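As they're listed, the protein sequences go chains A and B.
For the record, in the first sequence the residue sitting at position 142 is 142 according to the UniProt record's numbering, with numbers rising by one throughout.
For the record, in the second sequence the residue sitting at position 169 is 169 according to the UniProt record's numbering, with numbers rising by one throughout.
The reader is advised that the hints may include incorrect statements.
The list treats identical chains as one, so a pair stands whether inside a single copy or across any two.
In silico DSSO-like pairs for lysine-lysine, Cα to Cα no more than 27 Å straight-line [said to hold, decoys possible]:
hint, residue 1, residue 2
1, Lys141, Lys84
2, Lys84, Lys187
3, Lys105, Lys30
4, Lys136, Lys187
5, Lys187, Lys106
6, Lys136, Lys30
7, Lys141, Lys187
Quick caveat, the hints were computed from the structure, so don't treat them as lab data.
Predicted model only: the values in this text are computed from it and were never measured.
Protein chains: 2
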Amino acid sequence: MPSALILIADGTEEMEFTIVYDTLVRAGVKCTSVLINPANNSGEDQGTAQCSRGIQIVPDTSQSQLSLSSAAEYDAIIIPGGAKGAETMSQSLYVQFLVRDFYQKKKHVGMICAGSLVAQTSQLPHQPLTSHPSVKEQLDKDFDYREDSVVVSGNLITRSKLNFPTSLGTAFPFAFALVEGLCGAQKRSEIVTPMVFPSGTPL
Amino acid sequence: MPSALILIADGTEEMEFTIVYDTLVRAGVKCTSVLINPANNSGEDQGTAQCSRGIQIVPDTSQSQLSLSSAAEYDAIIIPGGAKGAETMSQSLYVQFLVRDFYQKKKHVGMICAGSLVAQTSQLPHQPLTSHPSVKEQLDKDFDYREDSVVVSGNLITRSKLNFPTSLGTAFPFAFALVEGLCGAQKRSEIVTPMVFPSGTPL
Numbered sequence: 001m002p003s004a005l006i007l008i009a010d011g012t013e014e015m016e017f018t019i020v021y022d023t024l025v026r027a028g029v030k031c032t033s034v035l036i037n038p039a040n041n042s043g044e045d046q047g048t049a050q051c052s053r054g055i056q057i058v059p060d061t062s063q064s065q066l067s068l069s070s071a072a073e074y075d076a077i078i079i080p081g082g083a084k085g086a087e088t089m090s091q092s093l094y095v096q097f098l099v100r101d102f103y104q105k106k107k108h109v110g111m112i113c114a115g116s117l118v119a120q121t122s123q124l125p126h127q128p129l130t131s132h133p134s135v136k137e138q139l140d141k142d143f144d145y146r147e148d149s150v151v152v153s154g155n156l157i158t159r160s161k162l163n164f165p166t167s168l169g170t171a172f173p174f175a176f177a178l179v180e181g182l183c184g185a186q187k188r189s190e191i192v193t194p195m196v197f198p199s200g201t202p203l
Numbered sequence: 001m002p003s004a005l006i007l008i009a010d011g012t013e014e015m016e017f018t019i020v021y022d023t024l025v026r027a028g029v030k031c032t033s034v035l036i037n038p039a040n041n042s043g044e045d046q047g048t049a050q051c052s053r054g055i056q057i058v059p060d061t062s063q064s065q066l067s068l069s070s071a072a073e074y075d076a077i078i079i080p081g082g083a084k085g086a087e088t089m090s091q092s093l094y095v096q097f098l099v100r101d102f103y104q105k106k107k108h109v110g111m112i113c114a115g116s117l118v119a120q121t122s123q124l125p126h127q128p129l130t131s132h133p134s135v136k137e138q139l140d141k142d143f144d145y146r147e148d149s150v151v152v153s154g155n156l157i158t159r160s161k162l163n164f165p166t167s168l169g170t171a172f173p174f175a176f177a178l179v180e181g182l183c184g185a186q187k188r189s190e191i192v193t194p195m196v197f198p199s200g201t202p203l
């Protein structure tokens, strides 16, 4: 069973977090949410994440409970957006270490929306990338910035380096791209149908 | 500021809950999530809702904290899906009372997916309705069952009786229809654009 770490912090966009987590679970991926504390509060857990529109989520674990070596055993790491949450994650040394580690080991690295900031602070190499328009200018100088809704940089099938930055409304295509990477194209088809999307939805 | 009650229980589909809550908050609606306990545990709060794919959410309040008279002051009530959560809600006298009350007062009543079961147990009158296909057979005899993704029964502009049952992939159009009902068409346009949906998405 493939496994994914999905990061969460105060200010995380709750739809982006939830859509990815839920969709991956439907595909049989073992998901673990990890609470990331702000830089000035790295030692003490706050217990829950207060998301961007007020929904409060209890994470499965936290950065103080999950050692870097245990975290590094997962198959994918996902960074949701939400300006404040993405800022916290982008400044977290714990997150930067993991993102670089996953990236170098050619494991899946997913970033949504403002979450793409983490690619910059983790000093990932220059490559195609997209993000929420609000952080485009910040990312433009260090990456081959694309306007596509989902950008796959690297080979999905061979599990080479991957980034899936995307915008909020494309959280589903993002999640499905990740399912395909972790579980294969057949699994992707299996889970899309029962979710009953309106005809014409670009997935 | 319009206000909405959004119900949650163990087994609620976390995407449906989160997409509606988040989208309504973006539109300026005051959202309050209310934990509904199973029928055999109506007196004691469990504190959090364990959603259908494992995400744990802390509700804003609970049925034991929010009196029926306070609840009845809101402008809308929303029932998310998720088989187990919808079952709990459909059997709850608290929920049945509120749904009938909101309906009779011509306030907005929204039901997603299996959440439409509540229309039946609340004995709402025969009218157009849709739901997740899995509960179609159950609803077919009491309602004018439709296959459309979003069914509006009643006049949205005049705030007459409304039901918005829909399926998971149509949680966004459902939420936008509700925004239009509560806040008007202009507010709907204002919030859709910055959410950056891929072109072709039927909203």
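Requested in this report: Check each numbered hint from earlier against the structure, then list the numbers of those it violates in ascending order.
Outcome: Numbers 6 and 7 - these are the hints that the structure violates, sorted from lowest upward.
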